[in-house]
Amino acid sequence: MALTGLQIYKLLPQTNCKECGFPTCLAFAMKLAAKQAELSACPYVSEEAKAQLDAAAAPPIRLVAVEGPGHRVEVGNETVIFRHEKTFYHPPGLFLRVKDSWPLEQVKGAAKAAMDYSVTYVGMNLHLDGVAVEAASGNPEAFAAAVKAVREVTDRPLILMASDPAVLKAGLSAADGVRPLLYAATAENWQAVAEVAKAANAPVAVRADSLDALADLTEKVKGIGVPDIVLDPGVRDPAGTLTTLTHLRRLALKKNFRPLGYPIITFPGEGASDTIEEAQLAAEHIAKYAGFIVLDRFAPEMVYALLAWRVNIYTNPQEPIKVQPGVYEINNPTADSPVMITTNFSITYFSVANEVDGSGMPGWLLVADAEGMSVLTAWAAGKFDAEKIAKTVKTTGIEEKINHRKLIIPGAVAVLMGEVEEELPGWQILVGPREAVDLPGYLKLWKSF
Amino acid sequence: MPVEIPVEKWPGRVVEETLGATAAEGGTRSRVVKVGGENTLPFMFTDGEMPNPPRVAIEILDRRPKDWSPLLLEAWGDVVDDPAKWAKAAEEAGADLVLLQLSLTRDGDRPTTAADARAITRAVLQATGLPILVFGPGQVDADNELLVAVAEEAAGERIVLGICEEKNYRTIVAAALANGHLVNGRTAMDVNLAKQLNILIADMGLPLDRIIMDPTTASLGYGIEYGYSVMERLRLAALQGDKMTQLPMLVTPGFEVWRQKEAKVGEGVPASWGDWRQRAVLWETLTATNLILSGADIVVLRHPETVKRVQAYIDRMMAR
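Chains V and W, in that order, are what the protein sequence lines are.
Numbering-wise (our numbering), the first sequence opens with residue 68 and increments by one.
Numbering-wise (our numbering), the second sequence opens with residue 200 and increments by one.
The shape of chain W in the complex, shown without the other chains (with noise of 0.2 Å):
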C-alpha cells in the first residue's frame, strides 16, 4: 500500500546569523560560525533544509567559580583561576563558541571595573580563535557599564553581549550597533515577551540578523516542559512567517542543570539517584538534547563530557 509522506512545507525562515569575524571581516577569529538559517523544525530533513547545525557553547566565568558543583571544578582542573586559560580549554573541549560570564565582583569583593572587562576580553580574545560571548553579571547598572567597555574593547570581532532585558536593551544595542556586535535578548518564558523584545531592539535599528532571542530555560524536573514549549511555539510561529519570531535562539542548560541537586551534589539524596558522575552528565545532557528537539540553536554548557554527548547527538542527527 503505497503511503505518501506527508512533508511540511513552511513559509517561514530563521534568520542566518555570524558569529565572529575573521580578519578579513576585521576581527582577529580563527573561523566564523552561523546559526539559524532553517526551514523547518529540528532535523526534519524531509519538510525543509538546517544549513547549520545547533552549536555548543562552553560557559566560562572571569573567576574562579564560587558555588560550581565540585564536579566542574574537577573537570576543568586549573584552569578556571585564568580565563584565558579556561577558553582555550573550552576550545579544545570541542566548543563552537565561548561564552565569557562576567562576575559583578573580583577577588577581595572589589567591584569588577570597565578595565576589568576590558582586560578579560582582551585575554579571552588572544587565548581562543573561536567567536565569544560576552554576558554581564545580571544587574542592570553592572552590565550597562560592563557590557559597553566589552563592546568597544571587542570591536569589529562580532561577538555576542548579553544578556540584553527589557529594562536595559537600549544601553546594549546601542553598544552592539556602535561597534558591530550582536545582542542576546533574554525574556521570561513567553512567547509574546520574547516577541516584544526582539521588536523593540530592532526598532533601534539592530538588524535581525544581529539579534538571537533567549527565551530563559529550566532544567530537566524542574519546568524544562515550560521552556520545551515556549520554543516549540516561538519556532512554529518563525516558521509559520512571523517575521519578529524568526532568529535564532539560544538557551543555557548548563546554567539551569548544574544548580539543581541532581546534578550539584553527590551526597544526602536518596539512592534511587543512582551514580553522581553519571547523573550530573547525563541531567546536563538530557536537558541540552530536548532543549535542542523544541529548537534550540546554541545550548550554554559546563561540563566539557556533556559537550561531547550533545555535539555526538547533533553529528548523527545531522548526518542523517
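In isolation and in its complexed conformation, chain V is listed as follows (with noise of 0.2 Å):
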C-alpha cells in the first residue's frame, strides 16, 4: 500500500539539508508520494527507512513473470477487486498441461495442437500461452524428453510440474531459452524446490491446503532467496475455488498481506468431469483472481469462448476498444455498392463489418467517430448524431468512390433519418435494421430501395 507524503516524513532524516534538491524533508517526501522524486536522491536516509520505503513501494500482489523465446506473461500486479474500480492489468496465462507418462508422439501432438490455436476475435489474434508438462512418471529422463518434445513445438513459457527437485532439474535442463514456473514446493520439499528455482531465476509455485500453511510457505521460500512466487491454495471445486481466491485478493489489497501477495494458480479441469464443466471453472477463475490457469482439455470452441471472456474481463472498463473511423471496404466494392454507416465501437464495428463480409455483398462501411460507442450508446451521448454522420459521409472522399447517393443508416438511430437528410441535401437516407445479423437480408434487397 503506498504511504502517505507524512508518513514518509517520519522516515526520512528530517534535517532539512537540501542535498536533494527540495527545500524540505517534507517537500521531498511529498514529491516522493507523488512518484515525482526518487528516494536514491537522499544521501542521509538509513538502510532501515530505505527497506521500508521500498516495501512499501512494492505493489500488493507481486508481478511475475515467465517466458520463452517466443512469448513472456506477466501476471499479477492487480490493483482492484472489481474491474469497475479501475481495470484489471495483467490477463491470466492459460496453459494446456500434458503429462511425460503419456507415449511422446501423444505429448507432442496435444502440445503442439494446442500452440498451433489461433483464433480472430474483435480483429486480435488470440491464442494459448504455453504448456504445462507433469512428471506423472516420477522418472528424471522421461520428464526431460516430454519437455524437450514440447519444446520442439512452442517458442511459448512453460510451467514444469514435478514434486522431486531431483526431477524438476532434468526438466528445467531440456527447457533451454525458458523461464518456466516451477510448480510446486511444499512443506515437504520447500527447501529443495526453492533452491533449484533460486539457481535457475525461475519463479515457483508453492501449495498448501490452508491460507496458514501457504503463508508460512512462502515466507520460507523467499527467505530462501526466490521472490517469484505463486500460490496454490490447494482449493479444485468452484465455491471453495470462488471463496479462498475472493479471500486471497482482499488479502493482498485490503490488508496489504505481504505472504499472500502474489498470483495464484488454478487447475479447472481437476474440478470437472467434461469440457464444459471445465470451461465452467476456468471462466470462473479468469473472472475471479487467478493469474495461471492450466487446462487438461483442449477443444477449439472450448478454448475460443474463454480468451474472448479473458479479453472481455481484461478490458479497461474506463476505454471502449475502438476502431479506426474511415471508410472500410469490404469484398471489394464499386461504384454501385451500398453504403452504410455505423460507430467506432469495436464490437459494433466487428458485429456489423462481418456480417457484411459473411453476405459476400460487396459494400462501403463508413465507421463515424463515436468516441467508441455503441451505436444506441452514442446516440443518448449526442455523440452519433445527424452532423456526425453528415461530417463522416463529407469528410471520408465516399462521395468521390460512389456513383450513387443512398445511405443505409443503423435501425436503432431511424429517428435520425429526417435530420440526416437536412444535413446531407441529395442524398437519400435508408434505414437499415437494427441487429447487424439482419444485414446480410437486407442487403440483399438493396437494390430495389
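Hints listed in this document are in silico derivations from the structure and should not be mistaken for laboratory results.
Where is the CB? At the ideal position from N, CA and C, for every residue including glycine.
Some clues are possibly wrong.
Unchecked claim - Derived pair list, reagent style DSBU-like, types lysine-lysine, alpha-carbon separation capped at 35 Å:
#, chain 1, residue 1, chain 2, residue 2
1, V, 514, V, 450
2, V, 514, W, 460
3, W, 366, V, 450
4, V, 166, W, 366
5, V, 322, V, 287
6, W, 460, V, 450
7, V, 153, W, 442
8, W, 463, W, 265
9, V, 166, V, 289
10, W, 208, W, 287
11, W, 507, W, 265
12, W, 208, W, 442
13, V, 175, W, 265
14, V, 321, W, 442
15, W, 208, V, 389
16, W, 265, V, 153
17, W, 463, V, 450
18, V, 179, W, 208
19, V, 321, W, 208
20, V, 102, V, 322
21, W, 265, W, 442
22, V, 102, V, 166
23, W, 460, V, 461
24, W, 208, V, 289
What the hints assert, rightly or not - Coverage of chain W stretches by chain V, computed from C-beta distances (three or more under 8 Å per stretch; other residues unrestricted):
#, region
25, 430-438
26, 481-490
Claimed, not checked - Here's a subset of chain V near chain W, in silico, CB distances under 8 Å, partners left out:
#, residue
27, 90
28, 306
29, 317
30, 318
31, 351
32, 372
33, 385
34, 418
35, 500
36, 504
37, 508
Dock chain one against chain two, each of which comes alone in its own frame, and use the hints as you go.
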C-alpha cells in the first residue's frame, strides 16, 4: 500500500539539508509520495527506512513473469477487486497440461495442436500462452524427454510440474531458453525446490491446503532468495475456489498482507468431469482472480470462448476498444455498392463488418468517430447524431468513390432519418435493420430501395 | 502463520421475492419459487447467506419461432408449435420458471389480440405447475394491450409481467397492482437508469418485493463485460444499503447469445470456432454462469442442455 507524504516524512532524516534538491524533507516526502522523486536523491536515509519505503512501494500482488523465446506472460500486480473500480491489468496465462507418462508422440501432438491454435476476435489474434508439463512418471529422463518434445513444438513459456527436485532439475535442463514456472514447493520439499528455483532464477509455485500453511511456505521460500512466487491454495471445487481466491485478493489489496501477495494458479480440469464443466470453472477463475490457469482439455470451441471471455473481463472499462474511423471496403466494393454507416465501438464495428463480409456482397462501411460507443449509447450521448453522420460522409471522401447517393443508417437510430436528410442534401437516407445479423437479408433487397 | 480470513459483512440485503402462488395463496401453481434474499456477493458464504439459489427460467414462445437457430428447434422438437406442450417440456427439462414470450403476430401475420394472449396464458398455466413470467412483444402499444389482458387472466397467480420500461411502466405496474403480480423492470445497462426505474415503479405503490430489475445484458464476446460490471455495481450498491437497488436481478443470456453467430449458425464461420453444437451450448452456458457470478438471481435460457449445465454449476456452488 502506498505511503502518504507524512508517513514517508517520518522515515526521512528530517534535517532539511536540501541535498536532494528540495527545500525541506517534507517537500521531498511529498514528491516521493507523488512518485515525482527518487529516494536515492537523499544521501542520508537509513538502510532501515530504505527497506521500509521499498516494501511500501512494492505492489500488493507481486508481478510474476514466465517467458519463452517467443512469448512472455506477466501476471499479478492487480490493484482492484472489481474491474469497474479501475481495470484488471494482467490477464491470466492459459496453459494446457500434458503428462510425461503419455507416449512422446501424444505429448508432442497435444502441445502442438494447442500451441498452433489461434482465433481472431475483434481484430485481435488470440492464442493460449504455453504448456504445463507434468512429471506423472516421476522419472527424470522421461520428464526431460517430454519437456524436450514440447520445446520442439513451441517457443512459449512452460510450467514444469514435479514434486521431486531432481526431476524438476532434469526438466529445467531440457527447457533451454525458457523461464518456466516450477510447480510446486510443498511443506515436504520446499527447501530443495526453492533451491532449484533460485539457481534457475525461475518463479516457483507453492502449494498448501490452508492459507496459514501457505503463508508459512511463501515466507520460507522467499527467505531462501526466491522472490517470484505463485500460490496454489489447493482448492479444486468451484465454490471453494471462488471463496478462497476472493479471500486472497482481499488479503493482498485490503490488508496489504505480503505473505499472500502473489498471483494464483488454478487447475479447473481437476474439478470438472468434461469440457463444458471445465470451461465453466476456468471462466470463473478468469473473472475471479486467477493468475495462471492450467487446462486439462483442449477443444477449439472451448478455448475460443475462454480467450474471448478473458479479453472481455480484462478490457479497461474506462476505455472501450475502438476502431479507426473512416471508410472500410468489404468484399471489393464498386461505385454502385451500398454505403452503410456505424460507430467506432469495436464490437459494433465487427458485428456489422462480419455480417457484410459473410453475406458475400460488396459494401462500403463508414465508421464514425463516436468515441468508442455503440450506436444507441453514442446516439443517447450525442456522439452519433445527424451532424456527425453528415461529417463522416463528407470527410471520408466516399462521395468520390460511388455513383449514387444512398446511405444506410442503423435501424436503432431510425429517428435520425429526417435530420440526416437535411444535413446531407441530395442524399437518400435509408433505414437499415436494428441488428447487424439482419444485414445480409437487407442488402439482398438493397437494389430495390 | 495464522491468517485472518478477510470476511466482509454488508449492511444491506436483497429483497426476497416470491414468484407464483399455490392454491393456499389464491393461485394454481404446484409450488412457489423464491428469489433474492442474499446479504452477500454470489456464493460468498463466509460473508453472509444466500437463502435462495439463482433460478433458471426457460423461455418459450407463443408460436413456432421464426428466426431461432436450428439447434434450438432440434432440441425442442414439435412442442414449439404449442406453447402449452412447450411449457410442459420446459418443466420436464428442469426449469425453475417458465417465461412465456408473446409475439406481435399470429400465423397469417394477423396481430396477436388480447383474447389470444389470454388463451395462451391460460393454456400455459394449465400445462405447467411452475410459476411463470409473461413478456410482451416489446412494442409499447402491443405490450400495454396484451399484458393487461394477461394480468387479468392470471389474477392471483403472482406471475411476473415484462418488459416494464420507462415508457410504459405505468400501465404494466397498474395491471400488476390490480391483479397481484410482479413486474420485471428493464433499463439500458446503466446503474442509475435501473435505480431510477425502480423508484418510479415503487412510487406507484408496488411493494419492492414485487419488483425485479432487469439491467439488460449482452452475450459473451459481444459486450458482456458491460452488463457484468453494471450488475456488480448494482449488487454492491444493494449490499452497501442503497434500498432502491436491493432487488433481485433478471437477465436474458439465452436471447442475447442465440442471436450471435457463435451459437446461431454452423456454416460460414472460421474453423477455429470449433464444433458448433458444443460451441453453442458453451456460449450460452458461460454467458449465464458469468452473469450469475456478477449477481443474477434469474437467468432466462433457451437450450435444455444449457439449463442442465447452469443448474449443475449452481448446485455445486450452493452445496459448498
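Evaluated hints:
no.	hint	verdict
1	514/V <-> 450/V	holds (30 Å)
2	514/V <-> 460/W	holds (26 Å)
3	366/W <-> 450/V	holds (23 Å)
4	166/V <-> 366/W	violated (60 Å)
5	322/V <-> 287/V	holds (21 Å)
6	460/W <-> 450/V	holds (28 Å)
7	153/V <-> 442/W	holds (25 Å)
8	463/W <-> 265/W	holds (13 Å)
9	166/V <-> 289/V	holds (29 Å)
10	208/W <-> 287/W	violated (42 Å)
11	507/W <-> 265/W	holds (25 Å)
12	208/W <-> 442/W	holds (17 Å)
13	175/V <-> 265/W	violated (47 Å)
14	321/V <-> 442/W	holds (26 Å)
15	208/W <-> 389/V	violated (39 Å)
16	265/W <-> 153/V	violated (42 Å)
17	463/W <-> 450/V	holds (31 Å)
18	179/V <-> 208/W	violated (48 Å)
19	321/V <-> 208/W	holds (14 Å)
20	102/V <-> 322/V	holds (22 Å)
21	265/W <-> 442/W	violated (41 Å)
22	102/V <-> 166/V	violated (47 Å)
23	460/W <-> 461/V	holds (33 Å)
24	208/W <-> 289/V	holds (33 Å)
25	430-438	holds (count 3)
26	481-490	holds (count 6)
27	90	violated (42 Å)
28	306	holds (4 Å)
29	317	holds (4 Å)
30	318	holds (5 Å)
31	351	holds (6 Å)
32	372	holds (5 Å)
33	385	violated (11 Å)
34	418	holds (7 Å)
35	500	violated (12 Å)
36	504	holds (6 Å)
37	508	violated (10 Å)
In this structure, the hints that do not hold are numbers 4, 10, 13, 15, 16, 18, 21, 22, 27, 33, 35, 37, in rising order.
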